[in-house]
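> Please put together the full structure from these sequences, using the hints given.
Respectively, the protein sequence lines represent chains A, B, C and D.
For the first sequence, the positions run 1188 to 1536 when this note's numbering is used.
For the second sequence, the positions run 1188 to 1536 when this note's numbering is used.
For the third sequence, the positions run 21 to 354 when this note's numbering is used.
For the fourth sequence, the positions run 21 to 354 when this note's numbering is used.
It should be emphasised that the hints constitute simulated quantities derived from the structure, not laboratory data.
Virtual Cβ for every residue (Gly too), placed ideally from N, Cα, C.
Derived Cβ-Cβ restraints for the label pairs, each shown as a range:
| no. | chain 1 | residue 1 | chain 2 | residue 2 | range |
| --- | --- | --- | --- | --- | --- |
| 1 | C | G67 | B | D1425 | 26 to 34 Å |
| 2 | B | A1406 | A | E1229 | 49 to 57 Å |
| 3 | A | A1429 | D | D204 | 44 to 52 Å |
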Amino acid sequence: MAGTLWRPILFTENAVSDRPNDLSLEKFRRMVRIREFETVAEAIHAAGEVPGALHTYTGQEATGVGACIALRSDDYMVGNHRSHGHPIAKGAKLRPLMAELLGKVTGVCKGKGGSMHLSDFSVGSLGETSIVGSGIPVAAGAALGAKLQRNGRVSLCFFGDGASNEGAFHEGLNLAAVWKLPAIFLCENNGYAVSTPVSGSMAIVNIADRGRAYGIPSAIVDGQDVDAVEEAVAAAVDRARAGGGPTLLESKTYRYADHAVNMGRLTLNRGPEVEVWRKRDPILMYRARLLEGGIAASVLNAIVEEVKLEVQDALAFARESAYPSQLEAFDDVFVERLPIPAWLSEDII
Amino acid sequence: MAGTLWRPILFTENAVSDRPNDLSLEKFRRMVRIREFETVAEAIHAAGEVPGALHTYTGQEATGVGACIALRSDDYMVGNHRSHGHPIAKGAKLRPLMAELLGKVTGVCKGKGGSMHLSDFSVGSLGETSIVGSGIPVAAGAALGAKLQRNGRVSLCFFGDGASNEGAFHEGLNLAAVWKLPAIFLCENNGYAVSTPVSGSMAIVNIADRGRAYGIPSAIVDGQDVDAVEEAVAAAVDRARAGGGPTLLESKTYRYADHAVNMGRLTLNRGPEVEVWRKRDPILMYRARLLEGGIAASVLNAIVEEVKLEVQDALAFARESAYPSQLEAFDDVFVERLPIPAWLSEDII
Amino acid sequence: MARATYLEAIRQAQMEEMQRDSRVFIMGEDIICNVFGTTTGFVDMFGAERVLDTPISENGFIGASAGAAMVGARPIVDVTISSFLYPAMDQIISIIAKSRYIYGGQARLPLVIRCCLFYGNSNAAQHSDRPYSMFMNVPGLKIIVPSDPVDMKGMLKVAIRDDDPVLCFEDSTCWSSKADLPTDPDFLIPLGKGDVKREGTDVSVIAVAGAVPLALKAAQKLAGLGISAEIIDPRSLVPLDRDLILKSVRKTGRAITVDPAHQTCSAASEISAMIAEFAFDALRGPVLRVATADTHLPFSPAIEKSLYPSVDRIVTAACRLVGVEHFDSAQGTV
Amino acid sequence: MARATYLEAIRQAQMEEMQRDSRVFIMGEDIICNVFGTTTGFVDMFGAERVLDTPISENGFIGASAGAAMVGARPIVDVTISSFLYPAMDQIISIIAKSRYIYGGQARLPLVIRCCLFYGNSNAAQHSDRPYSMFMNVPGLKIIVPSDPVDMKGMLKVAIRDDDPVLCFEDSTCWSSKADLPTDPDFLIPLGKGDVKREGTDVSVIAVAGAVPLALKAAQKLAGLGISAEIIDPRSLVPLDRDLILKSVRKTGRAITVDPAHQTCSAASEISAMIAEFAFDALRGPVLRVATADTHLPFSPAIEKSLYPSVDRIVTAACRLVGVEHFDSAQGTV
Ligand SMILES: Cc1ncc(C[n+]2csc(CCOP(=O)(O)OP(=O)(O)O)c2C)c(N)n1
Ligand SMILES: Cc1ncc(C[n+]2csc(CCOP(=O)(O)OP(=O)(O)O)c2C)c(N)n1
Ligand SMILES: [Mg+2]
Ligand SMILES: [Mg+2]
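Below is the structure:
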């Protein structure tokens, strides 16, 4: 704990760029990985294997993957309640994520976080926090930490259209602007916050317009196009690393499923809208682009098959894993384990 | 309490315009009244007569008066920690304000609020709240109440440049925009929040730019010019009453004194800046304009003398007034008085 | 009288009061879509002006409820889950609790803030809060924690009619409990009156919110062991029916406080302290607390449930107090 | 050793730790201008990068401290007055208290949030809060309430070195108290260790923050009446030194808890409940609380002061407990 030098606790390795070589196939793979993970997650939730609520990312894959592919693996990333896709996009291993969904001790959070908190610090994912908007100040803070430590990292925050109405958004963006922090604020505007359409929660159409209030440059990007997202984020990352300060990006996207399952009555009749968006499915669109670019269908199909196996492997791992012991409930409140109350310790020991 | 009709609790009278006839002299009078009130308040604070902290409004009189003169007396108004001037501008009587400063039972808040809370509900001043930014959602709510009750009133909120960085600002303005509330948000940009210049707390120059983030029209106004402020607020009021929704106004102004006395070490060397602003003193400027417009100096001087007497009368009243009884401490927590704790009731009864 | 759930009781209370008084309106996130089923059909009944969906900005709209209340409206604010009160603490404490006082009685804040206690079902630490004791430390807020449909209906109606701000905490573990609900539109239960949910002579169990049903089950078991437990439900925490609690403890000479919240600085602790101060002479043993362990609530169903009060823990505490050997634990599990 | 105030102790603790560890930085509103005198000369010493003035946005910068801490920095956040914690409750509770747990130990949050308890001086209800007990109800936050310069220096230094989040509440009624401050840069007082500020045999007075000096004065008076009071200062509320408190109560058989906060759900109530649960057998009388009346704090100096704990109230409580006729009240006022 002593020492007078800055000692970043996390991510001491990978300080140079480690973006995969064949980016296009990797982007495809990660999007498919998210889609497959979500498909399985929904199925096992419906079967009663996953406790708690489930908010899926299906339909928004291009945003998560396009953004994360533009980051270094040691860059910081903060997500929200709808964040199965974010750590996967950032390169997280699937086994600990799936085990977390089942509340197992091998989960990325030892089973203590669950679906709304699939944070994987080993890939720079610092927190998938389920209080709407609450990740934004944290992401600004990680950017401040990066700046103070001069480690050249940037911090990217995913949040929804609904979150942009929280005070935390305002305060986090303003701080980042005043302190010229290396931060990218990426709003995934999927048209709704639970049942409330964007038009019901703000009198503007584009959340990107909010950048002006802080002197933060902003842009709108097609959230279904993984290349477009990557390009926009890469530009923002370059500016951030060069000391140019934060950027606000708005990705226009869509979630196919209801807001969540097991979180109240959230079924909403969105009419034919869903089908319109499905025509611009990010994976289908990207697949077409890759085929057009000369990639063989067999290559893509093979990736899909590999990913399916990967997800099945993760599921098997999760199922085989043990639940945490009761003692675990008292760990990680503080760095030192809490004393166990007398009435419980008898049962445990 | 029963009843199925909207029954506004406050301000059932004065539903029609009651703006004074000779507005120009009234504006002059109110500005002088604030200046004189503050001068006396500072003197008696220095003499130890006023407990607690004191934040004076001297230098910003044109903003408060220009804004309030554009309101009906039954319109709502919300202030902040620097709000001696606001209720005076809205037409409040001086005796209860001065008595409040001294913590007397005849004070506008029975001595329970003090300098930072000189609220006078009888003139529509709903709360001078000293938590920075906290009045903004309240003002939006008063506008919502006005809208629901269809009473044709508007709600005006004064707040500082510093307050515009609080999440409450963001949420309050966004609500007002979505619900098209009859609200006017008037930022008194006096260049500083305590010791922090605007440039140290935001990366933009004009707070008016923040309106864009909500779809709220905004304007910048010369805060030293009472007529300019009145005109801008009147336009916003007209729009609000016509159902056009909220407006954000930024008044560029200046406070002469330190942030406050008796609130920590707040003395700041602002160099020659103060003198530059004093040259654009709102009262001097307006006096010159009135003289130019043909009003005799003797008329203005008489007003000043009258006001001095008025303030002295208020001070005498305040000094003669009694302190609240200990019982009073248990009143107004709820509508019904709280039970007095046993250890105190012996002393009291 | 018609059989109805706790959630339905909330709906009825709101509906009846909105019918009765046009100044009452309701707002919150996604209340038109009716997330938990307490506003079914409200937009059709009362119109979009009185049933307002809000942006996700708790501090903003809770603060707006204060402003609206100050000018004569009577808002009900549905905050869905109690964890979402934290972003709004400033408006709740600095504005709602204090405005009437700080302005010397000029303001009146007739508003109700409703939210549920969403624990025990793998919602993880950020969604499992039971924060009423925080608000008990702040003067100026009335607080109700009804534990059954009848109390809920009668108290929520009174809360809506009350001229002071009331926080209503709705225990999600009670959501589906059923009872015969009075249909009299003036069926009212005053705030500040606790209820003896079961009479007894050996030990007083003062239980809060979702702990009341547990205490009642425990009382049944204890009866089998020859112990007569009196179950007291304060129903409102502010004002608190001290007299009822103290009377019971003076009768039985023994007290256990049960609370689904974290133990430290809980409502249970407050009630225990009050008993230790004002009924000490009557006490025949320590004042025991059965509350949630002072750790966060984990997601994993394997380790969440055992952290809360349980029938067993109450039974064990009562046996210890009354000096009876603990019943056979094999039989004892519920 | 050099004579210094409580405020100076804060300054020294921060300065020494910032000198020792370059990861430590400080931020807050107007800290460069040094509002209360705890950051004198810091910008010159440490540069503008490590001494950051913030916009008025408590939720934002307190949340940013969490993010910075998670990636290896060690922030001290100066929130000036405790009332300004409310706008930031969401970040404090949902993020700072819970992140380490919810992410299964992946996060570490070495940060200190400092603020003063600004009461007793006509600051009115919105600026007079003493809200530590709210945070005691939330697992995951360490809480210190030092009552003299030496404790302040030693504990704040430890708080800054601690790898968990610590809230430091600084009682403004202690600001000008003086003591000889150790100059050893490793003078440390561990969190979770209370202190016997005065030994006694007849009654244990457990006092918190600004109540400690009052309790010490009361002990002096009580000595004159033949009553020997033991004064215990827990110094940190989380972790709480239960053993020290219970040991004292077991010795004296009588307990009074004293707390400048509102009584309901206060730290005093928690300590009383703990005593009634775990030291009941030793008790020879009720556990009395001397805390602030459960009303808001008014501006008027005529009626504010009498609402707080006082030397007299402590003396009266002790006399009552020990069974001594109350001393002549004419003599009794301090
Ligand atoms: C502070 C807070 N308020 C309310 C909620 C309940 N809630 C969870 S997700 C959600 C909608 C979020 O919408 P958006 O930010 O657009 O994200 P999306 O779900 O569309 O991805 C709400 C209201 C919450 N978790 N936190
Ligand atoms: C939430 C909150 N944070 C901090 C403070 C302390 N404080 C009181 S006034 C003030 C500066 C306000 O600046 P501004 O809004 O520009 O108003 P001005 O004082 O310039 O009129 C601060 C930081 C407070 N009262 N409330
Ligand atoms: Mg959305
Ligand atoms: Mg200012």
